[in-house]
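In case you want the letters, here they are:
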Amino acid sequence: MKVEYEKKDKLLILKITEEIDHHSCEKIKKRADYEIEIHIPKKVVFDFSNVNFMDSSGIGMIIGRYKLVKMFGGKMELINVKPSIKKILEMSGILKLISIEETGGSEFEKCI
Amino acid sequence: MKNVYENEMKLEFLSKSSNESFARITVAAFASQLDPSLEEIADIKTAVSEAVTNCIIHGYEEKEGIIKIKCKLFANSIEIEISDNGKGIEDIEKARQVLYTSKSELERSGMGFTIMESFMDEVKVESVLGVGTKVTMKKMIKVTDGIEEMKVRL
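First to last, the sequence lines map onto chains U and R. Convert by adding 4 to the 1-based position in the first sequence; the result is the number in our numbering. Convert by adding 21 to the 1-based position in the second sequence; the result is the number in our numbering.
What the hints contain is simulated information worked out from the structure, not anything from laboratory work. Values in this document were obtained by computation on a predicted structure and should not be read as measured data. Hints may be right or wrong, so weigh each one.
Distance condition first, Cα-Cα at most 25 Å in a straight line; then the derived DSS-like pairs of lysine-lysine [said to hold, decoys possible]:
1) U:LYS34 - R:LYS93
2) R:LYS124 - U:LYS33
3) R:LYS124 - U:LYS31
4) U:LYS71 - U:LYS91
5) U:LYS74 - R:LYS124
Make the full structure from the sequences, and use the hints.
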């Protein structure tokens, strides 16, 4: 996972660089929680551009991080989500809580 | 009804989480003989991943065991049987319910069976307490024969 933190906007970008399943989730959860807890960001962006696969383990992972971010008063967003993954996210109903930004999001572009 | 399958494969591996990707990729590679669409392949991979994860987390409760996969290819469908010799499911109806999970402490979403059911055309679950669980899934693969496509257009 690649981590970028924009101090000015308190924006944390977590770019996941592997397939998300029960196996990889543990590692992703630990790293994401660590980054969220040390930065207490206003906004957390999960970048899915390098994620080609996700199963229901990913839903549990996203909900868990969402709860943590919300506890600190922050927001969460998903970007660059592929159609096959969007299908699972839609089915789970979590898109009612967390939005998907279609084109990378303006904050993200500012950072690169 | 033609029930003769055209090809078959069997796979056996330890219930380690690192084998989840191995299992879904292997089944997807075998299924590719039917020339499925990218979406159909993604559906198969996800369903296999869900079933194998269930064997590891619930069947064997993260202890070592053996997971077996049997795949049969028919003319326009694939049948995937995933089984373990784990603890078995007490109440299958309950386990299949949307958002039901017996392992909420692990941040499980309870979506596993729901995903299998919506991504595959048939899902059958058989389980005996203390003996194991077998999930049999079937997916129809649309034949995208060039000639057939032309006929449709005409």
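Hints, one by one, checked against the model:
1. U:LYS34 - R:LYS93: 39 Å, violated
2. R:LYS124 - U:LYS33: Satisfied, since the Cα-Cα distance of roughly 17 Å is no more than 25 Å.
3. R:LYS124 - U:LYS31: 19 Å, holds
4. U:LYS71 - U:LYS91: 22 Å, holds
5. U:LYS74 - R:LYS124: 23 Å, holds
In summary, the one numbered hint that this structure violates is 1.
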